[in-house]
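Let the sequences and hints guide you as you build the complete structure.
As you go down the protein sequences, you meet chains A and B in turn.
For the first sequence, the positions run 1 to 415 when the working numbering is used.
For the second sequence, the positions run 1001 to 1329 when the working numbering is used.
In short, the hints are calculated from the structure, not lab data.
Quick caveat: nothing in here was measured; it's all calculated off a predicted structure.
Hints are supplied without guarantee of correctness; some may be wrong.
To be verified - Just the calculated beta-carbon pair ranges, DEER-fashion:
no. : chain 1 : residue 1 : chain 2 : residue 2 : range
1   : A       : 372       : B       : 1177      : 43 to 49 angstroms
2   : B       : 1183      : A       : 405       : 45 to 51 angstroms
3   : A       : 36        : B       : 1039      : 45 to 51 angstroms
4   : A       : 54        : B       : 1272      : 17 to 23 angstroms
5   : B       : 1291      : A       : 321       : 53 to 59 angstroms
6   : A       : 333       : B       : 1038      : 54 to 60 angstroms
7   : A       : 405       : B       : 1179      : 57 to 63 angstroms
8   : A       : 36        : B       : 1326      : 50 to 56 angstroms
9   : A       : 405       : B       : 1177      : 40 to 46 angstroms
10  : B       : 1271      : A       : 240       : 53 to 59 angstroms
11  : B       : 1038      : A       : 157       : 29 to 35 angstroms
12  : B       : 1271      : A       : 194       : 53 to 59 angstroms
To be verified - According to the in silico footprint, chain A covers these stretches of chain B (three or more CB under 8 angstroms from chain A):
no. : region
13  : 1075 to 1081
14  : 1087 to 1094
15  : 1129 to 1143
16  : 1183 to 1194
To be verified - Here are a few chain B residues that sit away from chain A, every Cβ distance over 12 angstroms (derived from the structure):
no. : residue
17  : 1019
18  : 1097
19  : 1227
20  : 1249
21  : 1274
22  : 1283
Here a beta-carbon is modelled for each residue, glycine too, at the ideal position from N, C-alpha and C.
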Amino acid sequence: MLRQIEGSRAVAETVGLCRPEVVCAYPISPQTHIVEGLAELVRAEVLTPCEFVNVESEFAAMSVAIGASAAGARAYTATASQGLLYMAEAVFNAAGLGLPVVMTVANRAIGAPINIWNDHSDSMALRDSGWIQLHAETNQEAADLHVQAFRIAEELSTPVMVCLDGFVLTHAWERVDLLTQDEVDAFLPPYAPRQVVDPDAPASIGAMVGPEAFTEVRYLAHARQLSALDVVPEVSDRFAESFGRNSGGLVRAYRSEDAETVVIALGSVLGTVKDTVDELREAGVRIGVLGITCFRPFPADAIAAATAHATRLVVIERAFEPGVGGIVSRNVATSAPGIRSYAVVAGLGGRAITKKSLAELFIAAAADELAPLTFLDLNRGLIDRELERLATTRRSGPSAENILRDLGAVASRIG
Amino acid sequence: MQSVKFYQTGSFAVGNRLLGPEDRSVQSDRQRINSIDCGHRACRGCGEALGARYALDAAMRATRNRVVAVNATGCLEVFSTPYPETSWRIPWLHSLFGNAPAVATGVAAAMKVKGREDVRVVAQGGDGGTVDIGFACLSGMFERDDDVLYLCYDNEAYMNTGVQRSGATPPAARTTTTPATGPAPGARFGQGKNVPMIAMAHEIPYVATATVAELRDLEAKVQRAMEFRGARYLHILVPCPLGWGSAAHDTIRIARLAKESGLFPVFEAERGEVVGVSKIRRRVPVADYLRPQARFAHLFGAEPRTDVLARIQAIADRNIRRFGLCDEE
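Below you can see the structure in the form of structure tokens.
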């Protein structure tokens, strides 16, 4: 049913249709509306039977999900940013225990300095946790991916993280075609756990493993991730067959068949990128787009196939490795080793990514006039002044405060 | 299930045979499930292994074998589950060091939603996992009144990592991070958390303390705890020969001295009110409890630290007054 609805509410209602039996979460912006929506569905007995557990931290939220999943219940939680990092230990643990928990991450920057707006620093920080990571481009996709996430998680007995951009998607109202309960029930069978703590069949879960078997255990986790490269597109195809629309899969190409320059990105920025590419296409630039929906496992073969004809790749990074460079681009480089690639760090901490900046960037890239690592719309003057000062003085304190002082923001606020 | 093996027959040790069946220890029952089986790697004289076996066997009897155990990281987890072996004959789940209460909450929530509330959840951890790193999860579990019995096996330091101070380490005790050097050797006074009292402040249905010196008392408290629904907390003193520097054969004796000196008050509380205490039968000075432990050896050298001993004695005296542990006072 087509509705004008907030992204968070669309996710909450769709998760509700997936019949999670234990839902737990701790409030953090911009995730809060999702669990608020679920709390309402549980309290109103729309979602039943379901235990909604109000926990004291994100670490506890993931821990409750672990316990519930190990006891045979379909478990769900949601978080963002500092919350995801606070639960990091348990996030790795859920994967290691092979528990098919589904979690929404409303992507947000990581502090300090504290910043509540969107980038991908949080989920990228946990890219090696053993979770499957799916990134939504739109709220329609965010909703649809959750239904697929439960199915993928339970088929593989491995946890799945659905990432959607904080505020840009979570708080955006747009038209979303929500599935019905019957449709979801037909697509998503009840959770049949592979392992469960049960007095009728006692087993020990979570034993200590020493050097004699640890490598093998980790290899099996790797193999399971690789098998997801088959399962994710299969589930996406079945979803398309059932509901007549494509959501998910590994990667999605847009106007890239004959493109010399292919722009690679994850998440909601793909909309702006596609608009920009449309305009450049009209101007005769042979440019296309490849969106990565499944970031973990990394779809190396799919990316190699989709970019085989390209001469250069421009990778939009919504997070980066300080002291190294781009994250996605380094993954892409191993998939397409023969193709020159540019990493562009953009939109950190909610900075707007404009079509104008992107168009200039893509034109520079098409002329191979781009540095291998570019920070989009970086205020170079500010940086140079601060670097110079750092070199000549011993001014202490976090650089963010110093920059704000230079911008007059602090002074004017103090009055 | 493997049948229970008795190594000795025909004595009190086996069957409490002079007692009526209702008064016999769970351990005397050949039909009991051996929750934690032989073959584990605990040290000789381990108080925790003993406490865990009695507590879980009692929980199993109280629930007709419908128990799921959730375990924090620590000695108990490490010595009982060296992959691919396990000593647990019951469903058992280990996740992390600091989240056993929350994982147990998750198991309990799942059982509730599945309509399997006959399955009861027991969480267990050492003092580090309970009073320090897992404390927020523990308090959250109490505050929500989740249907979990939490067992803390208190050996008063981080023994699994090599005897470092925890929030339950008593004053003056030597650990590897509170060395017995300087003017005030060992752990500082005035630190540490009294988690049984903190648990009581949450007004949960049931809080109790016990030691491995009084195993029938321990069994009875587990039995009582399982009569309640909601959050319950049992704090069990389990001497650690390795960390305390005591003889392996002295574990029970030392646990008894902890209680008889008043340093470890044994009591039970319901909804925040003390409802019963285990009286001291033969009161002993704290020095008698401390002397057999190398972790307090610096108090008993050529120049005994009577000042420090007096401060520890004052703690015991306060416990005795506060809980009414001695009839004559």
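Hint check results:
no.	hint	result
1	372(A) with 1177(B): 43 to 49 angstroms	48 angstroms, holds
2	1183(B) with 405(A): 45 to 51 angstroms	47 angstroms, holds
3	36(A) with 1039(B): 45 to 51 angstroms	50 angstroms, holds
4	54(A) with 1272(B): 17 to 23 angstroms	22 angstroms, holds
5	1291(B) with 321(A): 53 to 59 angstroms	57 angstroms, holds
6	333(A) with 1038(B): 54 to 60 angstroms	55 angstroms, holds
7	405(A) with 1179(B): 57 to 63 angstroms	46 angstroms, violated
8	36(A) with 1326(B): 50 to 56 angstroms	55 angstroms, holds
9	405(A) with 1177(B): 40 to 46 angstroms	42 angstroms, holds
10	1271(B) with 240(A): 53 to 59 angstroms	57 angstroms, holds
11	1038(B) with 157(A): 29 to 35 angstroms	32 angstroms, holds
12	1271(B) with 194(A): 53 to 59 angstroms	41 angstroms, violated
13	1075 to 1081	holds (count 3)
14	1087 to 1094	holds (count 7)
15	1129 to 1143	holds (count 5)
16	1183 to 1194	violated (count 0)
17	1019	29 angstroms, holds
18	1097	9 angstroms, violated
19	1227	19 angstroms, holds
20	1249	28 angstroms, holds
21	1274	27 angstroms, holds
22	1283	41 angstroms, holds
Checked against the numbered hints above, the structure breaks hints 7, 12, 16 and 18 and satisfies the rest.
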